[in-house]
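Engineer: If you want the building blocks of each chain, they are given just below.
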Amino acid sequence: MNPMPSSARSGPPRRRGIARDLLWHGLNLGLPLLFVVLPILSFVLVSFWTLKDGQIVHVLTLANYRAFFTEGSYLQVYLSTLALSAQVTLINVVLATAIAVFIFRRTPRTRFLILMSFMLPLFMSYIIKIYSIRSILGQRGLLNEGLLALGLIDQPIEALLFSRTAIFIALAVLYLPYAILPIYLALDRIPANYLAASADLGATPLQALRDIVLPLGRPGIAAGAVFTFILTFGDFVTPQMVGGTQGFTFGRIVFSQFGLALNWPLGSALAVILLATTLLAVALAGLTLRREHVR
Amino acid sequence: MKQKAPLIDALLGLIAMAGLIALYAPLVAVAALSFFQILRVRGVMGFAPFSLEPYVALIANGEILAALATSLIVAVVASLASLVLALMFAFYFVSARRGFGLMMQVMVFLPFLLPPIITGLSLLIAFREIEFSRGLATIIVGHIVFIVPVVYRTVLVRLQLLGGSLTEASLDLGASQAQTLIHVILPQMRPALISGVLLAFAISFDETLITLFVAGSETTLPIRLWAMMRVGFVPEINALATLILVFTAVITVAIGLLQRSPAGHAS
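These protein sequences, in sequence, are chains A and B. Each residue of the first sequence is one higher than the one before, counting from 4 in our numbering. Each residue of the second sequence is one higher than the one before, counting from 186 in our numbering.
Worth flagging that the hints you see were computed from the coordinates, not collected in a lab. Glycine included, each C-beta is placed from N, C-alpha and C at the ideal position. Check each hint, because a few of them may be wrong.
[What the hints assert, rightly or not] Pairwise CB distance ranges (calculated): (1) B:248 / A:119: 30 to 36 Å; (2) B:435 / A:287: 35 to 41 Å; (3) B:217 / A:290: 32 to 38 Å; (4) B:428 / A:188: 30 to 36 Å; (5) B:317 / A:285: 30 to 36 Å.
[Said to hold, decoys possible] Stretches of chain B that chain A covers, calculated by requiring three or more beta carbons in the stretch to come under 8 Å of a beta carbon on chain A: (6) 392-398; (7) 406-415.
Just chain A, with the same shape it has in the complex (with noise of 0.2 Å):
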């Protein structure tokens, strides 16, 4: 299979062909290579990097990571965010499991736009979604003015917007679509006489449920998972935006070395650990996935 063959089946003349073949591969190799790779290893060699007086000094050390462990409240920034990121990611896998497994259950005819309907908030505006969180939340928010209209409570609640609370929920509401699509594409692939065999054999839908569709649909889970963490541990603007200065978590404070403290080469120390606490999550998905296999 092989829509567009190389310059050499065509045959045009040997040397042009080699310069072609080249071009070609340079292009394709060089791009992503330019644009992607050079960059994310240059921000990882500035991490080596300190900053001193306002310069930047080109000698390679390990300072920033040392400050990330014994200066300030980095790492105590890190943990909290790491449990938040956590937590936002349970809720939402389970949440997206049962949503996915009623998605799952309907007729073909109905799924597509239920399936739809959650997806279409995926694409809608990011910072607007952040805004009309927080226009409910907020202390002159609808919720707060609602309850003071019916005289439910007779202070703003302050609580709803600004807080850990708020952050949390608005990261779940945010990225709850991010977990039902792979988990809903998984157990879209269970083949639909798995169900009924199982059906015949006396299992009841409970048990079903447990025995085959759940366990079918691991690696959907597990994908599902994976994309919520990454998105909630990096995202920056949310937490800033609904969370006010309770709200300072780790991709804030990494944000923050490029703007207001400006200093790039702690910044990217941070940000080297944020890229290994993803990718750690990501092997560890894998390997609890791996695990099931074999067993």
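Position chain B against the provided structure of chain A, taking the given hints into account.
Structural biologist: Below, chain B without anything else, positioned relative to chain A:
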């Protein structure tokens, strides 16, 4: 057919309903607030009568319109460039040796798999190292890097389903490679190309996290909105948010229908 299990279905349905409400209630609220502003009479909340005032104010807001123009330029250029690049990469993947193809593919997918904050700051640092100042061009590059994997995936799936027979027939009948590409291969891929470009446009138009790193003084709409929301509340935001929500919903539904239509079924 699946067994009936009313209790399980009711429970799952309840969760699904709650999920939909959580996803849509904020959006509906913003749209409603753009037409009916909140009023406060002696500390009691009420709604102002229907008004298009925020929309009128929006049209007069030069800052927002400038950002919108930037966003449109970036999205058009980035999505068209991504389409060309994605096509090239897809052809490369099916024609080059497997090892080379996989190498290219891993590199192309990276920015989509990594957290956006990593892609953003690595581009920022790379631009700085080569002393390329931030502006429209860096935003566009940032968007292309992020979008290409999505378009590439859409295009590749379709290309792999084409099979080589029509292409071979065209080449055997004396058409050049370029003619074959334009008259035989691309027309067969039209649905994938259109949905790829729409998807790219939608993602670029909305991209925030990478743009925050690579944008200079010229900002896109999401960044402008982000800056405005930090300062305080402006009624125009509700109007603009509503328009954008409607706009993206239309694009998304169009993509969904394209992917589902018989011709585009492959993707």
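Engineer: None of the hints should be skipped; say for each whether it holds.
Structural biologist: Comparing the hints with the structure gives:
1. In this structure the hint that residue 248 of chain B and residue 119 of chain A lie 30 to 36 Å apart at CB holds, the actual value being about 35 Å.
2. Distance hint check: the CB atoms of residue 435 of chain B and residue 287 of chain A are about 40 Å apart, consistent with the given range 35 to 41 Å.
3. Between residue 217 of chain B and residue 290 of chain A the beta carbons are some 47 Å apart, a value that contradicts the proposed interval 32 to 38 Å.
4. Distance hint for residue 428 of chain B and residue 188 of chain A: a CB-CB separation of about 32 Å, consistent with the stated range 30 to 36 Å.
5. Restraint check, residue 317 of chain B to residue 285 of chain A: a C-beta distance of roughly 31 Å satisfies the suggested window 30 to 36 Å.
6. As drawn, the stretch 392-398 of chain B meets chain A at 4 residues by the rule of a beta-carbon pair under 8 Å; at three or more, the given contact holds.
7. For a cut-off of 8 Å, the count of residues in the stretch 406-415 of chain B with a CB near a CB of chain A stands at 5, and the three-residue condition holds.
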